[in-house]
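Line order of the protein sequences matches chains A and B. Residue 1 is where the first sequence starts when you use this note's numbering, and the numbers rise one by one after that. Residue 1 is where the second sequence starts when you use this note's numbering, and the numbers rise one by one after that.
These are calculated hints, taken from the structure and not from any lab test. No experiment lies behind these values; they were computed from the predicted model shown. One thing to keep in mind: the hints can contain errors.
[Claimed, not checked] Each computed SDA-like pair below joins lysine to any residue, with the alpha-carbon atoms no more than 25 Å apart:
1) A:K57 <-> A:I20
2) A:K42 <-> B:V12
3) A:K108 <-> A:A24
4) A:K5 <-> B:L83
5) A:K58 <-> B:T96
6) A:K5 <-> A:N67
7) B:K36 <-> B:E24
8) B:K44 <-> A:K15
9) A:K105 <-> B:G84
10) B:K41 <-> A:F39
11) A:K71 <-> B:K44
12) A:K71 <-> B:L83
13) B:K9 <-> A:L47
14) B:K44 <-> A:P82
15) B:K19 <-> A:G41
16) B:K40 <-> A:S7
17) B:K41 <-> A:V13
18) B:K41 <-> A:A24
19) B:K22 <-> B:Q106
20) A:K105 <-> B:N17
21) B:K9 <-> A:Q37
22) A:K42 <-> B:T13
23) B:K36 <-> A:V13
24) A:K5 <-> B:I56
[Claimed, not checked] Away from chain A, derived, C-beta distances all over 12 Å, residues of chain B:
25) P8
26) V12
27) M15
28) D18
29) K67
30) D70
31) G107
[What the hints assert, rightly or not] Some chain B residues flagged as far from chain A (calculated, every beta-carbon gap over 10 Å):
32) L11
33) L43
34) S48
35) S68
36) H77
37) G84
38) E101
The C-beta atom is built at its ideal place from N, Cα and C for all residues, glycine as well.
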Amino acid sequence: QQQVKQSPQSLIVQKGGISIINCAYENTAFDYFPWYQQFPGKGPALLIAIRPDVSEKKEGRFTISFNKSAKQFSLHIMDSQPGDSATYFCAASHGGSQGNLIFGKGTKLSVKP
Amino acid sequence: DTAVSQTPKYLVTQMGNDKSIKCEQNLGHDTMYWYKQDSKKFLKIMFSYNNKELIINETVPNRFSPKSPDKAHLNLHINSLELGDSAVYFCASSPTPAGTEAFFGQGTRLTVV
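Please construct the entire structure, taking both the sequences and the accompanying hints into account.
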């Protein structure tokens, strides 16, 4: 059972364009939704995260939009740059001692110059 | 100073061998994890330790045995290695069991031949 569904699997965007990656979750107990960025040969690195009490969070060119009723959240990368080319993972977790990060399957983003 | 360091970075070994991967974090986090990333880049939790105690043990073959000598270290020992164990193994740490602000190591690429 896949608890966090991510789309698209791959994405090609022109430099300067907007990259949008979507995730949907099933477990309403989830209360923490991070996005991770992974470059080849490196570990995933936390990019930005949101809690369900807000609908949007922005950090620089990266924005998370969160829709609690639809159980969906998305990552928007404004003014996409070739250096943003990486694999992006959404994740979700719930609090408590048994919580842990459950990841989507990842989106490979390529930003063309 | 690397926050989460894993050794070795690469590991090539024959089927049937026993091997260990070491992980250390200097972030003062209470919770440490092992994740497995398969060839399709899917990240799946294997184990979670909080203050040296095992709190999550996913459906992982019992050939995999984690050991946490103290809360800054979480090692992974694998017995009787099989071809299907080939993957990238990531260690991570977090200040909470829910995985918030989780920081990942650079990964260990295990190849079983």
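Comparing the hints with the structure gives:
Proximity of A:K57 to A:I20 is assessed by CA-CA distance (about 15 Å); at most 25 Å being required, the pair is judged to hold. Between A:K42 and B:V12, the direct Cα distance comes to roughly 18 Å. Compliance with the 25 Å bound is thereby established for this hinted pair. Of the supplied pair hints, the one linking A:K108 and A:A24 holds, its CA atoms being roughly 17 Å apart against a limit of 25 Å. With a C-alpha separation of about 28 Å, the suggested pairing of A:K5 with B:L83 is violated against the 25 Å cut-off.
About 23 Å separates the Cα atoms of A:K58 and B:T96, which keeps this hinted pair within 25 Å; it holds. For the given pair, A:K5 sits about 15 Å from A:N67 by alpha-carbon distance, which is consistent with the 25 Å threshold. Note on B:K36 and B:E24: the hinted pairing holds, with a Cα-Cα distance of about 17 Å set against a maximum of 25 Å. With a C-alpha separation of about 32 Å, the suggested pair B:K44 and A:K15 falls outside the 25 Å cut-off, and the hint is violated.
Between A:K105 and B:G84 the CA atoms are separated by roughly 19 Å; this keeps the pair inside 25 Å, and the hint holds. The straight-line distance between the Cα atoms of B:K41 and A:F39 is roughly 11 Å, inside the 25 Å bound, and the hint therefore holds. The straight-line distance between the Cα atoms of A:K71 and B:K44 is roughly 21 Å, inside the 25 Å bound, and the hint therefore holds. Between A:K71 and B:L83 the alpha-carbon distance is near 38 Å, which puts this suggested pair outside the 25 Å criterion.
The suggested pairing of B:K9 with A:L47 holds, with an alpha-carbon distance near 23 Å, which does not exceed 25 Å. Straight-line distance between C-alpha atoms of B:K44 and A:P82 comes to about 28 Å, which puts the hinted pair past the 25 Å bound. With a C-alpha separation of about 21 Å, the suggested pair B:K19 and A:G41 falls inside the 25 Å cut-off, and the hint holds. With a C-alpha separation of about 15 Å, the suggested pair B:K40 and A:S7 falls inside the 25 Å cut-off, and the hint holds.
Distance check on the hinted pair: B:K41 and A:V13 sit about 21 Å apart at the alpha-carbon level, within 25 Å; holds. The hinted pair formed by B:K41 and A:A24 meets the criterion: a straight-line CA distance of about 19 Å does not exceed 25 Å. This hinted pair checks out: B:K22 and B:Q106 have alpha carbons roughly 12 Å apart, not beyond 25 Å. Note on A:K105 and B:N17: the hinted pairing is violated, with a Cα-Cα distance of about 30 Å set against a maximum of 25 Å.
Pair hint B:K9 plus A:Q37 holds up; C-alpha atoms about 19 Å apart against a cutoff of 25 Å. Under the criterion of a C-alpha separation no larger than 25 Å, the hint pairing A:K42 with B:T13 is consistent with the structure, at around 21 Å. At most 25 Å may separate the alpha-carbon atoms for a hinted pair to count; B:K36 and A:V13 exceed this at roughly 29 Å. Between A:K5 and B:I56 the alpha-carbon distance is near 22 Å, which keeps this suggested pair within the 25 Å criterion.
The claim that B:P8 lies off the interface holds: its Cβ sits roughly 14 Å from the closest Cβ of chain A, which is beyond the 12 Å cut-off. Listed as outside the interface, B:V12 is consistent with that label: its C-beta sits roughly 16 Å from the nearest C-beta of chain A, beyond the 12 Å cut-off. A cut-off of 12 Å between C-beta atoms confirms that B:M15 is not in contact with chain A; the least separation is 25 Å. For B:D18, the condition that its CB be more than 12 Å from all CB atoms of chain A holds, with the nearest at approximately 25 Å.
The beta carbon of B:K67 is kept farther than 12 Å from every beta carbon of chain A, the shortest such distance being approximately 19 Å. Listed as a non-interface residue, B:D70 keeps its Cβ farther than 12 Å from every Cβ of chain A; the least gap is roughly 19 Å. Distance to chain A contradicts B:G107 as a non-interface residue, since its nearest Cβ pair spans about 5 Å, not more than 12 Å. A cut-off of 10 Å between C-beta atoms confirms that B:L11 is not in contact with chain A; the least separation is 15 Å.
With 10 Å as the threshold on Cβ separation, the claim that B:L43 sits away from chain A is violated: the shortest Cβ distance comes to roughly 4 Å. The non-interface label for B:S48 is inconsistent with chain A: the shortest C-beta to C-beta separation is roughly 5 Å, within 10 Å. Residue-level check passed: B:S68 sits 15 Å from the nearest beta carbon of chain A, beyond 10 Å. Taking the minimum C-beta to C-beta distance to chain A, about 21 Å, the non-interface status of B:H77 holds against the 10 Å cut.
The claim that B:G84 lies off the interface holds: its Cβ sits roughly 19 Å from the closest Cβ of chain A, which is beyond the 10 Å cut-off. Not every CB of chain A lies more than 10 Å from the CB of B:E101, the least distance being 7 Å, so the non-interface label is violated.
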